[in-house]
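Given these sequences and hints, build the entire structure.
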Amino acid sequence: MAIFEHEVVVVGAGGAGLMAARYASEGADVAVLSKLHPLRSHTGAAQGGICAALGNEEEDHWIWHAFDTVKGSDYLGDQDAIVIMCQDAPRTIIELEHDGVPFSRTPDGKIAQRPFGGHTRNFGEAPVRRACYAADRTGHVILHTLYEQCLKRKVRFYNEFQVLDLLINPDGEVAGVVAYEIRTGEIHTFRARAVVLATGGYGRVYKTTSNAHANTGDGFAIALRAGIPLEDMEFVQFHPTGMYRLGILITEGARGEGGVLRNRLGERFMERYAPTVKDLAPRDVISRCIYQEIREGRGIDGKDYVYLDLTHLSLKQIETKLPEIATFSKIYLGIDPSREPIPVAPTCHYAMGGIPTDPDGRVYRAVRLLEGRDGNYQDEQGRWVTPRFELEYVPGLYAAGEVACVSVHGANRLGTNSLLDLVVFGRRVGKAIVQQLEREGRRLPALPDDPERRARQTLEAILSRSEGESVAQVRADLQQMMMDNVSVFRTAETLQQARQAIAEIRNRAERVRIDDHGRQFNTDLMEAWELLSLVDVAESIIHSAEARTESRGAHSREDYPKRDDARWLKHTLFYRYPDGSVELRYRPVTILPAEQYPFFQPKERKY
Amino acid sequence: MQVTVKIKRFNPETDEAPHWETYHVPADPMDRVLDLLNYIKWHIDGTLTYRRSCAHGVCGSDAMRINGENKLACSVLVKDLGPEITIEPLPVLPVIKDLVVDMTSFFRKYEAVKPWLINDDPPPERERLQSPRDHALIEEATKCILCGACTQSCPSTWADPDYLGPAALLKAYRFVFDSRDQGTEERLRIVDSNQGLWKCYTIFNCVEACPKEIDVTRWISALKRRAVTARY
Ligand SMILES: Cc1cc2nc3c(=O)[nH]c(=O)nc-3n(C[C@H](O)[C@H](O)[C@H](O)COP(=O)(O)OP(=O)(O)OC[C@H]3O[C@@H](n4cnc5c(N)ncnc54)[C@H](O)[C@@H]3O)c2cc1C
Ligand code: SF4
Ligand code: FES
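Same order as they appear, the protein sequences are chains A and B. So the first sequence is numbered by the numbering used here: it starts at 1 and just counts up by one. So the second sequence is numbered by the numbering used here: it starts at 1001 and just counts up by one.
Mixed in with the good hints there might be a few duds.
Said to hold, decoys possible - Okay, derived cross-link-like pairs now, DSSO-like style, lysine-lysine, Cα gap no bigger than 30 Å in a straight line:
id, chain 1, residue 1, chain 2, residue 2
1, B, K1006, B, K1079
2, A, K110, B, K1006
3, B, K1006, A, K330
4, B, K1079, A, K152
To be verified - Calculated from the model, a selection of chain B residues having no Cβ within reach of chain A, i.e. all distances over 12 Å:
id, residue
5, Q1002
6, P1026
7, E1088
8, L1117
9, S1131
10, S1156
11, A1159
12, L1188
13, T1202
14, F1204
15, K1224
16, V1228
17, Y1232
Simulated from the structure, these hints should not be mistaken for laboratory data. Note that the Cβ used here is the ideal one computed from N, Cα and C, for glycine as well.
As structure tokens, then:
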């Protein structure tokens, strides 16, 4: 209908989008489009913390943080990006504090810090207090502060505008986005010189998840449809402590404060699996251990959950450090965690994979391999090296936050590293855009012909159907199928089943019927459209996982239980073409020179 | 168990006025009201319209009037309501469709109090220090998720829709009492007015309504005292 023009359009108003907008607004005219009001974004649900080697509570160094992140990633993270993130972390957190984030404080008034899974002192010696926090509502205070800063800087917000398409013109440049105004039901074109995709995660692909209803992976699907690959989609994080059946998260901070996991026998089983860090082992490890306990009959009452025990913590500790989760337990389970243990099971939590970017958030669509190799290899001295390659960028396109894959999390993200990723790379994207505009000018690229065509046709097709299955039915089947076949443990058999199932589910999803045929605030229509995003994401996860015949981080193949660096030290790039065919390509992992960073060389991952 | 859910519905494209519809929904006592709404939308009538996202009381999307009280649909359980449940949109705000209200005026009031840290000193190298005691002054106020339950439950809002209301006043408190903030004067100019602090008659509806259990009236009273001392 209408055409809007802004120098910069940010899609998504969670931590990543707001951070990018805040910094881009220092040198550009910025609009933020979000399907939710910004303060409803899922960043507000982040509980436990955001890490930085501030050293406020004990000695800490960015290099220890980087080591933990490299190891936590099961050596799939790009080490240049990890170094940038860990070096940038302290000053970025300080800037957040200056912007007004009300962090919890140490007795001498500094930002308080606590231990978190996988974060250690001195290259793995013992847990370290690195997670900055505001009780157990860290994401909430960061989200609110960033929104406040954007208001102060007069960033333009288009709330409840659902972006349906990314526009790339025949020259291959980004030209803007197409958005659906939920309140009026109108489709609009937004022209822009730079577009940032910051639409968050896709947890709703799975039946049990800590993610919000809105986390349907739209940005992943929008990118894929614009010819951009998705990187490392097989790596899906299951958080070990979701409330049984509900999936609502109990932060790892609960274990940081001293909580422990127990099986049916009351045994603290993590002592057996990870003798050094125990209940503070990384998430992929603990989720597997929980399922192992359950399989061996040591789930509570023989069922598929275990206990998170906080009963030995003092009431004061629970009330001051973990008030939200105490409230959640009381409301949703009727349990007072200071008296009774909380029933928990792994819950789908976080997307390690996503839209491939460099450390400035610039999105690339292809990789040119200059040495003909798509993976890393060892030199004569046995040191891992990175074959040279070049990236082919999409001019003007950026991605940040959970939807992006920089990749700092590799095969498994450490707790508190996501909020950090949002703010560090969101900030870098904002700054990179200002530089781009200063360097290349502010001319708005030409639009492709009939930019709204695909969006219009997709919606009209849904609206015009009078018969078909309900969205809810198809979505529930998809979520159950992914849970059964593509969750913590995978095999060739389950993945093959999933591959067949997704083709059939896609057919059904493209033929659903809705009840609401009106124009205004038609959430029925948006749910039908979001189902198509879920299907695209699921398909990318399944294909990427089926090809990777090794176990690494969160991708655990029972038929290939070992990590296989010789064949699989490389990133997956999943492409989907307009005819529905798919292709997998690969890219080497950036490993820093062994002489300078001996600690970053891949080795067996033990905790 | 089976519950009867009565919902006040309005479709701007077809209805002149709101009307009630009744649904019979199978439910578990531990179900959230949001689960019931989802059940209706997904299995009975897809046109039912409401906002929701996090489903566990942290995003503030789904404040609505449930059995006569403003609550988050995702934070109240069937067992606490009984088998007859009545659901209406939040009061006073214009209804867009069914349970979706236009929150523009609510957020305009929030923006009116300059909800951002004001401090023009050059920032120090490290964090600005704040003692745990000073932090404790504002901690509870920072829990607010801006759901609107309080402001829309307040008789002063009903009488004067332009009254700033508890959520905006609480936000003003959060910054005025932040030891790092220097905007007290400009904020007090805004809230120390007839449509601000002095329209709060400590009726406590906001405290009752707040899903985050914030003692809103207590903090508004502290702000009143601060405004009075600032005058002399
Ligand atoms: C319960 C929970 C607790 C967590 N705790 C922590 C923690 O303690 N520490 C940590 O580091 N990480 C934590 N994480 C992870 C972290 O919070 C998320 O990865 C992160 O907040 C994602 O931020 P984001 O900005 O990328 O996306 P989000 O905050 O999800 O924002 C996405 C935005 O995109 C918009 N959007 C989506 N689709 C569209 C569309 N089609 N059109 C327009 N707009 C769209 C939405 O409206 C929203 O504004 C937690 C995650 C969960 C689920
Ligand atoms: S004070 Fe409570 S009721 Fe009011 S907006 Fe904030 S969270 Fe909602
Ligand atoms: S859905 Fe987020 S508060 Fe209810």
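Quiz item: Quick check: which numbered hints come out false for this structure?
Solution: 2, 4, 8 and 9
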